[in-house]
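Numbers 1 to 646, taken from full-length UniProt numbering, label the letters of the sequence shown in order.
Hints listed in this document are in silico derivations from the structure and should not be mistaken for laboratory results. Honestly, I wouldn't trust all of these hints.
Below, computed lysine to aspartate or glutamate pairings styled on EDC-like, alpha-carbon distance capped at 16 Å [unchecked claim]: (1) Lys85 - Asp192; (2) Lys372 - Asp150; (3) Lys372 - Asp196; (4) Lys372 - Asp192.
Label-pair restraints from in silico Cβ distances [stated by the list, open to error]: (5) Leu310 - Arg418: 51 to 57 Å; (6) Ser115 - Gly320: 21 to 27 Å; (7) Arg589 - Asp522: 38 to 44 Å.
Each residue gets a CB set at the ideal place from its N, CA and C atoms; glycine is no exception.
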Amino acid sequence: MHRPALLSVADRVVTLRPPEAGNRADAAPDAEDGRPVEALAQGPSLVAPGEPDGAGEAADLRDTAPGQGHVLARVREAAGAQRGKLGLALLLGSLAVGSAVGLMAVSGWLISRASEQPPVLYLMMAVTATRAFGIGRAVFRYAERLVSHDAVLRMLAELRVAVYRRLERVAPAGLRTTRRGDLLSRLVADVDALQDYWLRWLLPVGTAVVVGCAAVGFTGLLLPEAGAVLAAGLLVAGVGVPLVSGACARHVERRLAPARAELATRVTDLLTGTAELTVAGALPARSRQVREADGTLTRIASRSATATALGGGLSALVCGLTVVGAALVALPAVHDGRLAGVTLAVVVLTPLAAFEAVTGLPLAVQYRRRVKRSAERVYEVLDAPVPVREPATPAAAPGSPFPLDLRGLSARYAGASRNALESVDLTLVAGRRVAVVGPSGSGKSTLAQVLLRFLDARAGTYRIGGVDACELDGDTVRTFVGLCAQDAHVFDSSIRENLRLARTGATDGELRDALARARLLDWADSLPTGLDTLVGEHGARLSGGQRQRLALARALLADFPVLVLDEPAEHLDLATADALTADLLTATRGRTTVLITHRLEGLDTVDEVVVLDAGRVVQRGAYADLAGVDGPLRRMLERERRSVPA
1 MHRPALLSVA DRVVTLRPPE AGNRADAAPD AEDGRPVEAL AQGPSLVAPG EPDGAGEAAD
61 LRDTAPGQGH VLARVREAAG AQRGKLGLAL LLGSLAVGSA VGLMAVSGWL ISRASEQPPV
121 LYLMMAVTAT RAFGIGRAVF RYAERLVSHD AVLRMLAELR VAVYRRLERV APAGLRTTRR
181 GDLLSRLVAD VDALQDYWLR WLLPVGTAVV VGCAAVGFTG LLLPEAGAVL AAGLLVAGVG
241 VPLVSGACAR HVERRLAPAR AELATRVTDL LTGTAELTVA GALPARSRQV READGTLTRI
301 ASRSATATAL GGGLSALVCG LTVVGAALVA LPAVHDGRLA GVTLAVVVLT PLAAFEAVTG
361 LPLAVQYRRR VKRSAERVYE VLDAPVPVRE PATPAAAPGS PFPLDLRGLS ARYAGASRNA
421 LESVDLTLVA GRRVAVVGPS GSGKSTLAQV LLRFLDARAG TYRIGGVDAC ELDGDTVRTF
481 VGLCAQDAHV FDSSIRENLR LARTGATDGE LRDALARARL LDWADSLPTG LDTLVGEHGA
541 RLSGGQRQRL ALARALLADF PVLVLDEPAE HLDLATADAL TADLLTATRG RTTVLITHRL
601 EGLDTVDEVV VLDAGRVVQR GAYADLAGVD GPLRRMLERE RRSVPA
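The whole structure should be built from the sequences, with the hints applied where relevant.
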């Protein structure tokens, strides 16, 4: 049962929560007064709204749920349709290394036999085999690289699509505390690191097992004692040495991915905020932090390289000892007549080539640890709780969004200890304009996210045109309700292309009309290239007011029935902010508008003012009525007037 209205008639209420420890923060706790509240149990599914389970090649990634065990097991399961190619790559890799072993063995026999100066016809088969193994080694290695990289890169493409799809559903409410640099590192470096699980761990280990067993069996047929020596050497180099080097690098490898993410975060913050940091005089300090993060990453990488060098040195030592051991057991066998003298070179030289299969295993163990940490970071994104539940079968969109009605609505961000909105009521009809004011943290922006279905309500109802918003697809809701945010993104393109994001087929006349309503047309006409003027990265060539007006023009061009303006004058000086607010209200006259702001100037033109504090509505009514009586709005107005210099 999920309808809170029925709880009052129940004799007993049992609240179920997810069993995983990692999801406890997402379970809805009981209200402080002991009454249960509706919980949002979010699963790890990556199925997009309306998409069947089998759609897309990333279906296997969506099926790797957290409860299926070790994170590396989930990486293996993500192989999906590429398992056949990976098996073929293992076969080709084994043939490549096997050809190297065969080349060394046949070459040793050929040199020894040729020293006896037999008729050349007795050597032709060995000569042919030498050529075949030499050519086969290169051909098989090339084919193995081609097949394995094709399979792995296809998997990475599917995984990256799955991560982006998940982020699309989680953003923006689910990424409030995520740093951009860290997120960038997860999407790029950590996803790329997963290729090493197959290319530098599973395939090398599989090749080592296949070739090692074959080499030991072949040597054992020639001389059992030599086969035993080779088996012991391969076990020490293939198991013991990786364990030793892995133990040395265990702590270092777990720190590598976070250190890389920290450096990415520092660099991203520095590059995106250079202008502000320079003005504030904080650029030297931030540059020093970047250098410190780079130094930390360098030290970690250096320690990792030390462990790698240790593994390589020990492998070379074990290889040499194995060759010596094989020679020591082979010489008495030759003396006793159990081993032909010509075959002695084969027994001694075969371990040199066989160790090619295990020499890279110490490094492979380190790659496995790196991949594990990167996989944990990637699957943290894939398993992140979705702040909005999309209906399995969306309801039909209403003909009109009006009335848009909120009743007793409460909302909370995942992991938060209290509701960001508590029992909020709001009704919007066609043409009605409402201003939502309050101090920072009062829930104003949360209300905007609920209206656009970026965040689900925990209690209460949200109806659009008489239809519960939870029964509508999120994109359908956002065709009715549009947002012009304080940080609306402006792309590094022309004015024309930035506007056409709202309506790709808009004519120049429609673009100019939107700019005129946003009070930006005169400025655009004064530019040498007009609407084709490039605005720079994040609108760097525009002033703060021009950037917000361009965002408003884009929102007006989209022609949303309901327009939410979230702190549009934030970060502007008071005069510019007040002028922009006045122009915004003029441009939206006759359009249903929700203006979210902490400035009170110009609000006398709206139909209703709603005052929020700590997520609750503490006052509402016409601006003149609220300003004329003692209350929260009047106190805010007095503080605002005192803060304005005379």
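Here is how each hint holds up against the structure:
With a C-alpha separation of about 19 Å, the suggested pairing of Lys85 with Asp192 is violated against the 16 Å cut-off. Of the supplied pair hints, the one linking Lys372 and Asp150 is violated, its CA atoms being roughly 22 Å apart against a limit of 16 Å. For a cut-off of 16 Å, the pair hint linking Lys372 to Asp196 stands: about 10 Å separates their Cα positions. Pair hint Lys372 plus Asp192 holds up; C-alpha atoms about 12 Å apart against a cutoff of 16 Å.
Taking the beta carbon of each, Leu310 and Arg418 are about 52 Å apart, inside 51 to 57 Å as hinted. As the Cβ distance of Ser115 to Gly320 is approximately 25 Å, the hint placing it in 21 to 27 Å holds. The hinted window of 38 to 44 Å between Arg589 and Asp522 is violated, with their beta carbons roughly 20 Å apart.
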